[in-house]
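J.: Listed here are the chains, written in short residue letters.
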Amino acid sequence: MDRNVCILGGGMSLWGMREGSQRDFFQEAAKACYEDIPALNPKDIDGLLVASAYTERTSYQTHLAPLVAEYVGITPRNICARVELLCASGSSAIILAFGLIKSGEADIVMVAGGEKLYTPQKWEVFYSELASVDHDWDGGQGLGLPPPVFAMVAKQHMKQYGTLKEHLGTISVKNRRNSAKNPKAQFQTPVTMEEVMSGRMIVAPLTLYDCCPITDGAAAVILAAEEKAKDLTDKPLVYIRGTGQASVNNMSANMPSWTTWEALKIAAHQAYTKSKVEPKDIDVAMTHDCFTISEIIEMEDLGFCKKGEGGFFVADGQNDFGGKIPTNTDGGLLGCGHPFGGTGIRQGMEVMRQLRGDATQQVPGATIGLTHNLSGFIAAHTVLIYGREVA
Amino acid sequence: MSTPGIPVLEGKYMVTMDLFPQESKEFNQIHAFYDYLKEGRFTTTRCKDCGSEPFPPRLLCPECYSTNMEWIDWPTTGTVIDCTEEVVGVPLGFGKAPLIHALLDLQGKRTFFVRIINCKQGELKPGDQVRLAVFDVDPVPQEVGRDVVQIPRVFYAFEPVK
Chain U
24 MDRNVCILGG
34 GMSLWGMREG
44 SQRDFFQEAA
54 KACYEDIPAL
64 NPKDIDGLLV
74 ASAYTERTSY
84 QTHLAPLVAE
94 YVGITPRNIC
104 ARVELLCASG
114 SSAIILAFGL
124 IKSGEADIVM
134 VAGGEKLYTP
144 QKWEVFYSEL
154 ASVDHDWDGG
164 QGLGLPPPVF
174 AMVAKQHMKQ
184 YGTLKEHLGT
194 ISVKNRRNSA
204 KNPKAQFQTP
214 VTMEEVMSGR
224 MIVAPLTLYD
234 CCPITDGAAA
244 VILAAEEKAK
254 DLTDKPLVYI
264 RGTGQASVNN
274 MSANMPSWTT
284 WEALKIAAHQ
294 AYTKSKVEPK
304 DIDVAMTHDC
314 FTISEIIEME
324 DLGFCKKGEG
334 GFFVADGQND
344 FGGKIPTNTD
354 GGLLGCGHPF
364 GGTGIRQGME
374 VMRQLRGDAT
384 QQVPGATIGL
394 THNLSGFIAA
404 HTVLIYGREV
414 A
Chain L
1066 MSTPGIPVLE
1076 GKYMVTMDLF
1086 PQESKEFNQI
1096 HAFYDYLKEG
1106 RFTTTRCKDC
1116 GSEPFPPRLL
1126 CPECYSTNME
1136 WIDWPTTGTV
1146 IDCTEEVVGV
1156 PLGFGKAPLI
1166 HALLDLQGKR
1176 TFFVRIINCK
1186 QGELKPGDQV
1196 RLAVFDVDPV
1206 PQEVGRDVVQ
1216 IPRVFYAFEP
1226 VK
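Protein chains in written order, with my numbering: chain U, 24 to 414; chain L, 1066 to 1227.
Keep in mind that a hint or two might mislead.
With a straight-line cut-off of 30 Å between C-alpha atoms, the simulated DSSO-like cross-links for lysine-lysine are [as the list claims (entries may be wrong)]: (1) L:Lys1161 / U:Lys145; (2) U:Lys299 / U:Lys253; (3) U:Lys253 / U:Lys297; (4) U:Lys54 / U:Lys204; (5) U:Lys182 / L:Lys1185; (6) L:Lys1174 / U:Lys288; (7) L:Lys1227 / U:Lys182; (8) L:Lys1077 / U:Lys145; (9) U:Lys330 / U:Lys299; (10) L:Lys1174 / U:Lys330; (11) U:Lys329 / U:Lys188; (12) U:Lys188 / L:Lys1185; (13) U:Lys347 / U:Lys303; (14) L:Lys1185 / U:Lys145; (15) U:Lys297 / U:Lys125; (16) U:Lys329 / U:Lys297; (17) U:Lys54 / U:Lys145; (18) U:Lys182 / L:Lys1161; (19) L:Lys1190 / L:Lys1103; (20) L:Lys1185 / L:Lys1103; (21) U:Lys299 / U:Lys125; (22) U:Lys188 / L:Lys1190; (23) U:Lys188 / L:Lys1161; (24) U:Lys299 / U:Lys329; (25) L:Lys1190 / U:Lys330; (26) L:Lys1103 / L:Lys1174; (27) U:Lys329 / U:Lys303; (28) L:Lys1185 / L:Lys1161; (29) U:Lys182 / L:Lys1174; (30) U:Lys329 / U:Lys182; (31) L:Lys1103 / L:Lys1077; (32) U:Lys182 / L:Lys1190; (33) U:Lys330 / U:Lys347.
Hint data in this document are derived by calculation from the structure and do not stem from the laboratory.
Working from the sequences, and respecting the hints, build out all of it.
T.: Okay, structure coming up:
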């Protein structure tokens, strides 16, 4: 059995520094998701994949999927499990749901992801970040929190390719402008280039607006086999065309290059090949802008511009509306925030809306969209390609 | 040692909140790395069958999948390629800002991204030489039978060669 798989609806809680618990946010996301698909009886959902990275550390809760199922009122019978790949947990769960539906193991799968990251004392989440890298080797060097890593990436990219601090600032301004129009985003106000350039120093050359925030929140989408999707929605169908996920190293000492992300190139190649498209065919992209420099390198290694020209590409407006590849149209991580397990799902939802034609800030005529996450010490990359038609 | 809000944990050790690895033989089969570190040696494992030198040290060769590994010494000095200074967000346990890291070339063995200690803000620059710096970290109160034994530990960073 080899079936076509659709993403047919989704919703998210308000993201930010939230009052409430992880389970509260999953209920809010599920409610928004159900409202997006009025014809869906949640009791017909036969699979649940829950994406959450820090559930044990900041919510002291493992065995999360059955808990979420109970709270959102569903009774999965083909799959009910959690998926963890830190920042790419959500998109990993979408890939797995895609595979389960494509192969006939499930028909309608909810993919829900989220975190409660703010704890009663804020030091704890930063401390827990030491578990996000190779704890025994990089963690002991104080490399849990990612700014030093991405600062070094930015310094090397600037040195090798002449990328400027203003290029990084272009990303901050664009994504905060987009999030200001997204009512679920953590940041509801735009920032100017002047504010960005005078932002508080974090790790040179990265200043405050180069860094995504800590975020509470959740998101949920429904994936279904094409024949089921046709019964559940009268909106245009959006298909998952192909995916790729790659890892070539984990510990920092084994990084092949700091400025060319080999695993991203591999994951992108796999996704493009399976989807039967090329970079020039992508109409809209949600890429992992955990730091501004990330989005610049992603433009290069996803093939949207030549290597080394990412900074100049974004400064020229080529990854904004009206450019070659509008990117992070809902605000990205810099604007929406980044509750690790929720991010890939938020990205998939925004691409779905862009391809359905009902996004808040619509890319006219978009028919093929891409999402990308990086995770850990830039150790794994995940790429999904969606389309109005199957591959 | 008190644990506010959770009095039952008063005085208890929590492995899940430990900055540093378990280094004792009961919890780590590459404990020799830390034994050598105490002698000021920076080591890894070499595969006797194919000659590869993976880092971190390990039991299984990632190239030929042999378990025929031996310990070898690696250089303890390297050259700074570039450095960063974290002035905001230094995680608990790593002292006052700035937390300095350097990308260093360990004499061609690997490019390491490591913490630099005994170094003032603005002092380190590309091309500088740094050397291994081993320091004590808190011992682990480990249960041995009915007793609790303090297992000493060390960890490493690098420091400028002055």
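J.: If a hint holds in the structure, say so; if it does not, say that too.
T.: Tested hints:
{"no.": "1", "hint": "L:Lys1161 / U:Lys145", "result": "holds, 17 Å"}
{"no.": "2", "hint": "U:Lys299 / U:Lys253", "result": "holds, 24 Å"}
{"no.": "3", "hint": "U:Lys253 / U:Lys297", "result": "holds, 24 Å"}
{"no.": "4", "hint": "U:Lys54 / U:Lys204", "result": "holds, 21 Å"}
{"no.": "5", "hint": "U:Lys182 / L:Lys1185", "result": "holds, 24 Å"}
{"no.": "6", "hint": "L:Lys1174 / U:Lys288", "result": "holds, 25 Å"}
{"no.": "7", "hint": "L:Lys1227 / U:Lys182", "result": "holds, 27 Å"}
{"no.": "8", "hint": "L:Lys1077 / U:Lys145", "result": "holds, 22 Å"}
{"no.": "9", "hint": "U:Lys330 / U:Lys299", "result": "holds, 23 Å"}
{"no.": "10", "hint": "L:Lys1174 / U:Lys330", "result": "holds, 27 Å"}
{"no.": "11", "hint": "U:Lys329 / U:Lys188", "result": "holds, 19 Å"}
{"no.": "12", "hint": "U:Lys188 / L:Lys1185", "result": "holds, 25 Å"}
{"no.": "13", "hint": "U:Lys347 / U:Lys303", "result": "holds, 8 Å"}
{"no.": "14", "hint": "L:Lys1185 / U:Lys145", "result": "holds, 28 Å"}
{"no.": "15", "hint": "U:Lys297 / U:Lys125", "result": "holds, 14 Å"}
{"no.": "16", "hint": "U:Lys329 / U:Lys297", "result": "holds, 22 Å"}
{"no.": "17", "hint": "U:Lys54 / U:Lys145", "result": "holds, 29 Å"}
{"no.": "18", "hint": "U:Lys182 / L:Lys1161", "result": "holds, 29 Å"}
{"no.": "19", "hint": "L:Lys1190 / L:Lys1103", "result": "holds, 28 Å"}
{"no.": "20", "hint": "L:Lys1185 / L:Lys1103", "result": "holds, 25 Å"}
{"no.": "21", "hint": "U:Lys299 / U:Lys125", "result": "holds, 17 Å"}
{"no.": "22", "hint": "U:Lys188 / L:Lys1190", "result": "holds, 20 Å"}
{"no.": "23", "hint": "U:Lys188 / L:Lys1161", "result": "holds, 27 Å"}
{"no.": "24", "hint": "U:Lys299 / U:Lys329", "result": "holds, 21 Å"}
{"no.": "25", "hint": "L:Lys1190 / U:Lys330", "result": "holds, 27 Å"}
{"no.": "26", "hint": "L:Lys1103 / L:Lys1174", "result": "holds, 21 Å"}
{"no.": "27", "hint": "U:Lys329 / U:Lys303", "result": "holds, 12 Å"}
{"no.": "28", "hint": "L:Lys1185 / L:Lys1161", "result": "holds, 11 Å"}
{"no.": "29", "hint": "U:Lys182 / L:Lys1174", "result": "holds, 23 Å"}
{"no.": "30", "hint": "U:Lys329 / U:Lys182", "result": "holds, 17 Å"}
{"no.": "31", "hint": "L:Lys1103 / L:Lys1077", "result": "holds, 27 Å"}
{"no.": "32", "hint": "U:Lys182 / L:Lys1190", "result": "holds, 14 Å"}
{"no.": "33", "hint": "U:Lys330 / U:Lys347", "result": "holds, 16 Å"}
Violated hints for the displayed structure: none, as all numbered hints are satisfied.
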